[in-house]
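Both chains are given apart, each in its own frame, so use the hints to dock them into the complex.
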Amino acid sequence: MAKKVISKEEWNARLAEVQVDRDDLNKLIMNYLIIEGYKDAAEKFSQESGAKPPVNLESIQNRMVVRTAIQRGHIEEAIERVNDLNPEILDTNPKLFFHLQQQRLIEYIREGRVMEALEFAQEELAPRGEENPEFLSELERTMSLLAFDLNGPSPVSDLLTPAQRQKLASELNSALLLSQSQEKDPKLPALLKMCWWAQQQLDERCTYPKIKDFNKAELVMEPMGAVGGGSQGSSSSAVAGA
Amino acid sequence: MTLTPHEVAVSQLATDQTVSLDRIKSLRFIKNNIIGNKTKKDLYIQLGIVSRLQDIISTKDDKDSQLKIQAVIVLGSFAFGNESNILALTNSGVVEPLLNCLNPSADPKLIEAAARTLNAIYASPKVSRQQLFMANYLHILVQLLDTFSSKHRPGQDIVQVHTAELVASILARCCETLEQQMQIADSGAIPLLMRLLASGISKSQEAALGALAALVKDNPELAQVIAQMRPGVIPEHNSDIMLTVLPILVKMLQLTGAVQEAAPQVLAHLIWESENMQKAVCDMEAIPKLASIISQMDEEDNVYGIVGQKDKLKENSLLALAAISQLKEDCRKQVIEAKVLSHIVSAMSHPSVGVRAAACQCTRSLSRSVKNLRTSLVDAGIENPLFQLLSDEDLGVLRSATATLCNIVLDVSPMKKTIMERGIVSKFVRMISYGDNVVRLNTVWAIKNLVFEAESDVKENVMRQFGYNNLVLLLNDSEPAVQEQALNLVRNLAHKREHDIEQVFRGLGNGQLLSIIEEKLSWDDPRLLEHALYVLVNIATGSEYHKQSILKRQGILRSVLRSMNHESAAIRVASIWVIINLTWPDDKVSQSVHECVTLLRSMGVEDRLLALNADHDLDVRDRVKTALQHFLMDQQQYGHNNNGNGAPSDQTGSGIGRHGYSSSRYHDPRQQQQQENIPSSSSSSGDAFGGGAGSTMDTTHIVTGGPGAGGHDRR
Numbered sequence: 001m002a003k004k005v006i007s008k009e010e011w012n013a014r015l016a017e018v019q020v021d022r023d024d025l026n027k028l029i030m031n032y033l034i035i036e037g038y039k040d041a042a043e044k045f046s047q048e049s050g051a052k053p054p055v056n057l058e059s060i061q062n063r064m065v066v067r068t069a070i071q072r073g074h075i076e077e078a079i080e081r082v083n084d085l086n087p088e089i090l091d092t093n094p095k096l097f098f099h100l101q102q103q104r105l106i107e108y109i110r111e112g113r114v115m116e117a118l119e120f121a122q123e124e125l126a127p128r129g130e131e132n133p134e135f136l137s138e139l140e141r142t143m144s145l146l147a148f149d150l151n152g153p154s155p156v157s158d159l160l161t162p163a164q165r166q167k168l169a170s171e172l173n174s175a176l177l178l179s180q181s182q183e184k185d186p187k188l189p190a191l192l193k194m195c196w197w198a199q200q201q202l203d204e205r206c207t208y209p210k211i212k213d214f215n216k217a218e219l220v221m222e223p224m225g226a227v228g229g230g231s232q233g234s235s236s237s238a239v240a241g242a
Numbered sequence: 001m002t003l004t005p006h007e008v009a010v011s012q013l014a015t016d017q018t019v020s021l022d023r024i025k026s027l028r029f030i031k032n033n034i035i036g037n038k039t040k041k042d043l044y045i046q047l048g049i050v051s052r053l054q055d056i057i058s059t060k061d062d063k064d065s066q067l068k069i070q071a072v073i074v075l076g077s078f079a080f081g082n083e084s085n086i087l088a089l090t091n092s093g094v095v096e097p098l099l100n101c102l103n104p105s106a107d108p109k110l111i112e113a114a115a116r117t118l119n120a121i122y123a124s125p126k127v128s129r130q131q132l133f134m135a136n137y138l139h140i141l142v143q144l145l146d147t148f149s150s151k152h153r154p155g156q157d158i159v160q161v162h163t164a165e166l167v168a169s170i171l172a173r174c175c176e177t178l179e180q181q182m183q184i185a186d187s188g189a190i191p192l193l194m195r196l197l198a199s200g201i202s203k204s205q206e207a208a209l210g211a212l213a214a215l216v217k218d219n220p221e222l223a224q225v226i227a228q229m230r231p232g233v234i235p236e237h238n239s240d241i242m243l244t245v246l247p248i249l250v251k252m253l254q255l256t257g258a259v260q261e262a263a264p265q266v267l268a269h270l271i272w273e274s275e276n277m278q279k280a281v282c283d284m285e286a287i288p289k290l291a292s293i294i295s296q297m298d299e300e301d302n303v304y305g306i307v308g309q310k311d312k313l314k315e316n317s318l319l320a321l322a323a324i325s326q327l328k329e330d331c332r333k334q335v336i337e338a339k340v341l342s343h344i345v346s347a348m349s350h351p352s353v354g355v356r357a358a359a360c361q362c363t364r365s366l367s368r369s370v371k372n373l374r375t376s377l378v379d380a381g382i383e384n385p386l387f388q389l390l391s392d393e394d395l396g397v398l399r400s401a402t403a404t405l406c407n408i409v410l411d412v413s414p415m416k417k418t419i420m421e422r423g424i425v426s427k428f429v430r431m432i433s434y435g436d437n438v439v440r441l442n443t444v445w446a447i448k449n450l451v452f453e454a455e456s457d458v459k460e461n462v463m464r465q466f467g468y469n470n471l472v473l474l475l476n477d478s479e480p481a482v483q484e485q486a487l488n489l490v491r492n493l494a495h496k497r498e499h500d501i502e503q504v505f506r507g508l509g510n511g512q513l514l515s516i517i518e519e520k521l522s523w524d525d526p527r528l529l530e531h532a533l534y535v536l537v538n539i540a541t542g543s544e545y546h547k548q549s550i551l552k553r554q555g556i557l558r559s560v561l562r563s564m565n566h567e568s569a570a571i572r573v574a575s576i577w578v579i580i581n582l583t584w585p586d587d588k589v590s591q592s593v594h595e596c597v598t599l600l601r602s603m604g605v606e607d608r609l610l611a612l613n614a615d616h617d618l619d620v621r622d623r624v625k626t627a628l629q630h631f632l633m634d635q636q637q638y639g640h641n642n643n644g645n646g647a648p649s650d651q652t653g654s655g656i657g658r659h660g661y662s663s664s665r666y667h668d669p670r671q672q673q674q675q676e677n678i679p680s681s682s683s684s685s686g687d688a689f690g691g692g693a694g695s696t697m698d699t700t701h702i703v704t705g706g707p708g709a710g711g712h713d714r715r
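Residue numbers (the UniProt record's numbering), protein chains in the order written: chain A, 1 to 242; chain B, 1 to 715.
Just chain B, with the same shape it has in the complex (with noise of 0.2 Å):
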């Protein structure tokens, strides 16, 4: 009986006798014929000739690498075939003398095919991984990715290459435990993976990104140290995104079923809080075409009463157009002039959540425009939904609610008064228990940007409904950023006049002012620090009373000598500040104001503040001239020098006057206006100075639904 090729091929293998050259010849002869073949896979194995190889690749003879090498790949052919292959070779035992041609010292192309074919195996989740998390294996595999290493020969550029993917995928394959992704990490595999991810060799990079991912998987520690890596790995892609993502997702929108439901989305995020990105998709005239969707659904659902169909697409599109509108005003006027306004108002109002917090989002955008809030909002009614939306029962939705409160009752809004009128201010009780910082955040920020510059009985209005026990509950909120606000609130309230500032004094109770804001200036964190000193710098304007209740505390009057010194120079000018109300001398200086400068000399402040006649900041040293004087004043109506500590001469009491004072340290840049704020030092009256804390739109913005919830701008 004659015997076919194969069985005749099977058989060279296995004689001694044969030259080693007829063996290369038999084994390349079988590889050409099962590669892309399953059938012949099939008629090999049966013939046993796995044994046969595994005899070939054991050996330690490495004079002949061809043998092996070929031996190799017709075992990683069989690999491909199906899994019952893979579970032939895997029982035959060939994992380990495979491993085993991983040595360092091997060809390279040995080397290569040994991580081919154990990564064919590995892709069957029955094989067990065992074998390769024992003696150096893992050590020796984890090497394999340094495409860079020194054994770096001519030549062998690609086979480097293409064993380095085999490795990076053989490692994500073997990944299937927290103790085999530990171990992996151990043996130095990650910083060797973003190597290859940095390598720009796609093909490389697709395979790291695999093992990357396999070892993130369910596993937090991991996915902290590879987020934790140098930034850059992957660099950023924002102009490609503008010029080649943004442009389809935007063709995208005029499409229909799911991928019009999606796009909008995906747009959103993208664009969110990029300024540029935000422009370009609005010069690709996205906003007509979202308003054309928003505004035919709204036609549909008005002629066949579907309800609930698209509610996805709806949200989606309005969230896009919030983002498109988030940062700039030519982008908010083109929404406007999309006519589509009416359909964001009336979708506040919408059934489902997501609608109407995405809504709300396009009106928070909308808002930040002074010439929104003046008209265009207004003529669309915004207020009654909104009003109804700050007793929604969703917290993403009661975010958004806060936040574009915190513009429309801003002093350049006529919505200001109305809303007031409504009964906001029993809102807000219910808001600020509500256990959401960011809701409270946003409503605290209301009522300081209501009582900015307000009459005095607006003020007790607003205080009466809203009560000082819940200030006093804010002014010790766990959230620095609440506390911010809330002495900002206390900063508007005891502002301008004398009258205010009593009524704070007696709304918090007797000395429960002051001991909250010495208790603020202990603390070191320079907002708070920024905004105490402030509310000082206001009481200091009141009545003598007022002054003396200061001055009594050393506690504050120590943090202040300390502010003076303080590394910002906004506190630092802010320090001084209450330095120049408290010594403000009338056209003579009283003898009250004469105690509080020998006080304060006493304690030191005149030396710092010569101290502070060099200070790098213009303004520090524009307050320490001013304040400087009033001791000049002091001195040269009471005729003692002490510490021989003269004000400069050149400074004479003539001409001392009022002083402008234009302070919009709260002018947030990204904003055309938010406050016309801070009086100048009115000069009829008299007055000192006094810093109301200023109204400010609200700058950022609260992704729907979405943990990371930005908070205000803070400073």
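Isolated chain A (complex conformation) (with noise of 0.2 Å):
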């Protein structure tokens, strides 16, 4: 069966029926600064749009600060910001709680510090694996970093990657955010990824102009037997510009 053909003027004239409200759009932007931690273009965003930030942006600033300290390897510092912010989320999380300790662990391997290393497992590791078998493995996975070579290959070394504190770093900012009642992941890329699935669809069963590259979102028309390509006028996707 032939495909439907959508040309480009009926396209765009159906996507100017949509009307999409401007400040929805700016609360779709400032909502992907804040939950991303960006700070000072949240600001700037806020004092140029108008867009009200739906939060202090203190409190950007103080996720990003852990942050960090996690990507930097400093644990303890992150751990003791938490519990300035808010004493409550180590104290309910135990899983989270768990993976600050068990990074603190790998941090004191990777820096060659094996007496520090045990007497800490022993001292803050050792009851929390007894009071949840789950942490239990895990712990004994982090222990056997020290059986390996730390610059050779080993089957725990992604412990030791960037990775590894990238998750932490995550787990905890989500642990943040869902302690000031805010959504952990930004609404736009989900956008983004349901206007991709929305053209998968589409793509069966109809040709049409669609976004083929999204930094650009461009609208293109795909090729159709002898008619000239390349693509004219501007396009009105409502995700362009984001």
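Bear in mind the hints are in silico, worked out from the structure with no lab data behind them. Wrong hints could be hidden among the right ones.
Computed list of lysine to aspartate or glutamate pairs in DMTMM-like fashion (alpha-carbon distance at most 25 Å, straight line) [claimed, not checked]:
#1 B/LYS38 / A/GLU218
#2 B/LYS63 / B/ASP42
#3 B/LYS339 / B/GLU329
#4 A/LYS95 / B/GLU83
#5 B/LYS38 / A/GLU76
#6 B/LYS38 / A/GLU124
#7 A/LYS187 / B/GLU206
#8 A/LYS3 / A/ASP203
#9 B/LYS38 / A/ASP21
#10 B/LYS371 / B/ASP283
#11 B/LYS328 / B/ASP379
#12 B/LYS333 / B/GLU275
#13 B/LYS126 / B/ASP64
#14 B/LYS38 / A/ASP185
#15 B/LYS339 / B/GLU393
#16 B/LYS31 / A/ASP21
#17 B/LYS552 / B/ASP607
#18 A/LYS216 / A/ASP21
#19 A/LYS27 / B/GLU261
#20 B/LYS203 / A/GLU10
#21 A/LYS52 / B/ASP379
#22 A/LYS3 / A/GLU134
#23 B/LYS31 / A/GLU36
Below, the structure is given as structure tokens:
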């Protein structure tokens, strides 16, 4: 069955019919800046667009300090910051707390402070392992770092990668956002994913001007026989310029 | 012997000489040690830290709030440990100093920390709530719910919001007795909680809901208060439900187990009475899915002979079908096309009460379509099982069966005749004695539809079996809706033929008919008033004797006169119709009509009519014109002009003819059809106007088993 063809003119006309509130667009962008922690950008954007940040911008700063501390391997500092921000978080979130302590252990090992690592594992982590068997196996895996050459290949080398810190930083960021009644994921990427998915669905049924490169957000018509190509005109996609 | 760092930290708290900066440092050290670490919490409690902390938070010295804040946080962390920790805190008496920290002039961070710690302490049901209700604490606490208070300072918004959340949570934990609930409500917490609920901040909303839930638990009085608060605090989520919830529910229909069983039930409840949602679910192709669930089950039953195992799934699926096809003809069409009707009909004889009721609910929805009444439902043989269900012992079944019956006996239905022949009327008698308002209402409704526009012998047959004594009972029923339909029934019985009117006169006994009407007219119930007036309209088309029996009753005439000024245009119209029919002249104004006109004129009817010439309602003005023509004809023939009020001279006597009336007041806008009613005045016989009450299709439905039975369309 031949696919239905929707011309660029028709497509643009339909897009023009969709009313997108400017305020909503601004809110989307603000939401992205805040959750991702771009405090300065959020401040500027707020001044220029008039969009009110839904939270105190100070709280973004605090979250970013915590995130940076984790990324640098300063776990103790991060814990103290979190406890200052909201002492309830780590008391009511054993898994997150364990992951933080685990990372502290990893950092001791990375720095070659073996004695301190053993002592810390004994005093801080072992009791948590007793409380929860899931933690115990993770603890054992972490301790096995001591058995391998840190620079050589090992089954647990992933624990030493920046990705491990990154994962923890995200987990902690989510917990902080949640404690402030904020979503943990920005809406904008989800919308882009949805847009991409919708295009996939539409591809099966018709030919239409689509966004191929989300960085450019230009509407490109699939080449149809001898029709002259080349993109003309500007796009009017709702996500353009995001 | 050397001290551990922990022992050092505790000892530093005690020394009065230590500068507060060092003490804060120690407290932070302790805090970061014990948060998340149960072993360390136990260790510090054993070191006797609690009483030292209590000393710190009890000082009146407010110079350094940091010290207090850190101490309160440390106490809170202990409370997050376990119940024995909490009891260690309360036994040394920390609750009161913590409550004192809530003082509104204190550092907001201290207030927040104290609220957090108290909330953690009150997590234990073993802790007494008594102190909270003493002194001024409750009042202070409740004020903290107000996040928009005047002392709002920039940079403190998060702290304030957190505090309000914590306070709401504390309140939720302090609603253990009725007295506590009432005290919290009396302190003004409810409006502030409602505001928190509307804040749009998810954690705050959660906390506010928790508190409100605790306040209304086993407390109907407060539940009432909250239920009556301004709606709109919680916005309507219909569009959300349509876009997100419904598609998921429809998908769930294809799962198995408990989810599949519950999904159709939830679906049915959500879309009940909502045309848009029913349409949406229909578009999501829920009907074929439900149909295949039902028909597959029937096949399995046949093969394996399993009885009773999946009754609930069947019941819920049928209920969902009933809900989807409740209001939209398109949806009904889909149900028929899904070839599930035979399964619905066989489910009407299912051993499970729930399944029977749900199946009957389906037939009820489907019978709201004239097309279905004429074809599909007949073909599927609904009549037999429905007849059986009218003797069912279950109330829910009986309610939906009688509601379905209302539609089955409509004129358009070929089943009307056969169900009569089966002896439906004898069942009516039993059904009205069933002590249920809904069943009784449905029954009268069905009889009304049955005799609508019927031949005299049919009416007589029905009433012979049903009994006029039962009609009298219904006319005096405790339910106004039943009375209304009973009056409707009288109206249909006394319609069209003089003979029919006479039958009702005789049936109800001499004069009783008009006594009943007189009484109903005196009620100030517009619904009864209108139907009672139309009974008079019909009687006035009868013999001289019938007319005279109205004219003899001053009370009735006065009520008619009064109704001509009623605020409802429909009632004004009805009362003018009474006048028109009473004064109906044939080619010439007979002596008796002249006497009638004279009587009415003397009562001031003509003046009233003249005044109504300027009525804003077109229908009223048209009827007034006709009535005044009658008065004018009388005047032209008999020549006197009372009160000097001549009828407008442009209305000549010539050309007075019969009027074509099409009165479709009883038309239900939601139905395509229910009543091809009300005879246009038949030009052949020279009848005056007479109006039947119309037969109406049932428009509402009853939730099976639910107490909230809907009434029929009433007006």
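Evaluated hints:
| no. | hint | in the structure |
| --- | --- | --- |
| 1 | B/LYS38 / A/GLU218 | violated (57 Å) |
| 2 | B/LYS63 / B/ASP42 | violated (31 Å) |
| 3 | B/LYS339 / B/GLU329 | holds (16 Å) |
| 4 | A/LYS95 / B/GLU83 | holds (21 Å) |
| 5 | B/LYS38 / A/GLU76 | holds (18 Å) |
| 6 | B/LYS38 / A/GLU124 | holds (10 Å) |
| 7 | A/LYS187 / B/GLU206 | holds (22 Å) |
| 8 | A/LYS3 / A/ASP203 | holds (9 Å) |
| 9 | B/LYS38 / A/ASP21 | violated (51 Å) |
| 10 | B/LYS371 / B/ASP283 | holds (21 Å) |
| 11 | B/LYS328 / B/ASP379 | holds (21 Å) |
| 12 | B/LYS333 / B/GLU275 | holds (15 Å) |
| 13 | B/LYS126 / B/ASP64 | violated (33 Å) |
| 14 | B/LYS38 / A/ASP185 | violated (32 Å) |
| 15 | B/LYS339 / B/GLU393 | violated (29 Å) |
| 16 | B/LYS31 / A/ASP21 | violated (48 Å) |
| 17 | B/LYS552 / B/ASP607 | holds (21 Å) |
| 18 | A/LYS216 / A/ASP21 | holds (22 Å) |
| 19 | A/LYS27 / B/GLU261 | violated (41 Å) |
| 20 | B/LYS203 / A/GLU10 | violated (45 Å) |
| 21 | A/LYS52 / B/ASP379 | violated (65 Å) |
| 22 | A/LYS3 / A/GLU134 | violated (53 Å) |
| 23 | B/LYS31 / A/GLU36 | violated (29 Å) |
Checked against the numbered hints listed earlier, the structure breaks hints 1, 2, 9, 13, 14, 15, 16, 19, 20, 21, 22 and 23; every other hint is satisfied.
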